Amino acid sequence: MRLVIWALLGAVVGFVVMYMTLSFQMDFDFYTIAFQVNVILTALTIVLLLYIGLSILQMRKKSDANVSDDEEDERDIWLYKKFSDTNMLVMATIIIGIVATSISLITGQPTWLELISTVTVIIAFILSISVSSLVNKFYPDRNLPSVSEKDYAKKLLAASDEGERHVMLEGLYRSFNLLNGTLILALFLLAVYSIGTGVSQLFSIFVIAIILLGANAKYFLLIRKKS
Amino acid sequence: MRTRLKELRARNGLNQTELAKRAKVSRQTISLIEREEFIPSLLIAVRIARIFNEAIESVFLFDEEEIE
Chain A
1 MRLVIWALLG
11 AVVGFVVMYM
21 TLSFQMDFDF
31 YTIAFQVNVI
41 LTALTIVLLL
51 YIGLSILQMR
61 KKSDANVSDD
71 EEDERDIWLY
81 KKFSDTNMLV
91 MATIIIGIVA
101 TSISLITGQP
111 TWLELISTVT
121 VIIAFILSIS
131 VSSLVNKFYP
141 DRNLPSVSEK
151 DYAKKLLAAS
161 DEGERHVMLE
171 GLYRSFNLLN
181 GTLILALFLL
191 AVYSIGTGVS
201 QLFSIFVIAI
211 ILLGANAKYF
221 LLIRKKS
Chain B
1 MRTRLKELRA
11 RNGLNQTELA
21 KRAKVSRQTI
31 SLIEREEFIP
41 SLLIAVRIAR
51 IFNEAIESVF
61 LFDEEEIE
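Protein sequences, first through last, are from chains A and B. The C-terminal position of the first sequence is numbered 227 in this note's numbering, with every residue numbered one higher than the one before it. The C-terminal position of the second sequence is numbered 68 in this note's numbering, with every residue numbered one higher than the one before it.
These are calculated hints, taken from the structure and not from any lab test. A couple of the hints might just be wrong.
To be verified - With beta-carbon atoms standing in for the labels, derived distance ranges:
no., chain 1, residue 1, chain 2, residue 2, range
1, B, GLU66, A, LYS225, 30 to 38 Å
2, A, SER133, B, LYS24, 18 to 26 Å
3, A, SER133, B, GLY13, 15 to 23 Å
4, B, ARG11, A, SER148, 42 to 50 Å
5, B, ARG50, A, ILE208, 20 to 28 Å
6, B, MET1, A, LEU213, 36 to 44 Å
7, B, GLY13, A, LEU221, 32 to 40 Å
8, A, ILE208, B, ARG11, 51 to 59 Å
9, B, ARG35, A, PHE125, 32 to 40 Å
Since the model is a prediction, treat every value here as computed from it, not as a measurement. Where a beta carbon is used, it is the ideal one built from N, C-alpha and C, also for glycine.
So that you can see chain A by itself, here it is in the shape it has in the complex (with noise of 0.2 Å):
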């Protein structure tokens, strides 16, 4: 019974907030402040740069530094976790990088932004490997595969040890589960922005459904087989 009056009531806002979203003009022109969008992103992404380039350095400062014994966890805890921020920074300077560089080649923004704006995507690449490559620098006694070697994400998976494993598992289920969530969340919100603005989001809907579909066949598979 109390089922039911959920279902009845998330009809009832459903409804109410479908209604309310297609009444709402969304006429906005994005192209009217698309330069300075362009232009704060394309800066954040420099300044991210920038930060990720110090904290290379300070990681490879702070592995190379003799410590005592006392103080040799403390040198890994602090290695471990700006390993992990300084990899959350790459991955987020390359979407921030690729969003800039997109507005400015669709908006059709001055050569010179275009120019910075693909240079910085380029830079970020480039950190990501740097960045991945430190754990080598810092487990040398391990047998942890180079990044240049062919399916590097998968013999660092292999190069694991249970624990490491487990924590990986767990944060990867968390995150499989938020995307799965937030993509089908993004497929409705694509789907009411093309009726209310009447431009078609049907390649963004096409090519984030390809997405999820194949990801959720290639978990579901991979668990099926496993049986």
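Based on these hints, arrange chain B on the given structure of chain A.
Frame of chain A, contents of chain B only:
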């Protein structure tokens, strides 16, 4: 599961990094076991117990309800 890892490390004067090297695991794994957030495999449990010259059941302590 509870563990006496921290106490035994202090007794033997080992930091997490050193214990990890001897047990052939990462420091993160030792830290997870010590924080009781991860139960190690039998192989790693045996290695750790041997490093401290202790029986497994005196390093890793289970409540009766967990075993039953």
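Holds or violated: the 32 to 40 Å window for the beta-carbon distance between B:ARG35 and A:PHE125? holds, 36 Å
Quick check on a hinted range of 42 to 50 Å for B:ARG11 and A:SER148, using CB atoms only. 44 Å Cβ-Cβ, so the 42 to 50 Å window holds.
For the hint 51 to 59 Å, verify it against the beta carbon of A:ILE208 and that of B:ARG11. holds, 56 Å
Can the suggested window of 30 to 38 Å be confirmed for the beta-carbon pair B:GLU66 and A:LYS225? Check passed, 31 Å falls within 30 to 38 Å.
Could you check the hint for me, namely that A:SER133 and B:GLY13 are 15 to 23 Å apart, CB to CB? Hint violated: Cβ distance 34 Å, outside 15 to 23 Å.
How does the Cβ-Cβ distance of B:ARG50 and A:ILE208 compare with 20 to 28 Å: does it lie in that range? Given range 20 to 28 Å: violated, Cβ gap about 52 Å.
Is 36 to 44 Å respected by the C-beta to C-beta distance linking B:MET1 and A:LEU213? Between B:MET1 and A:LEU213, where Cβ atoms are some 40 Å apart, the hint holds.
Could you tell me whether the CB distance from A:SER133 to B:LYS24 stays inside 18 to 26 Å? holds, 23 Å
May I ask you to test the hint 32 to 40 Å on the CB atoms belonging to B:GLY13 and A:LEU221? Given about 50 Å between the Cβ atoms, the range is violated.
Comparing the model with each earlier hint shows violations of hints 3, 5, 7; every other hint is respected.
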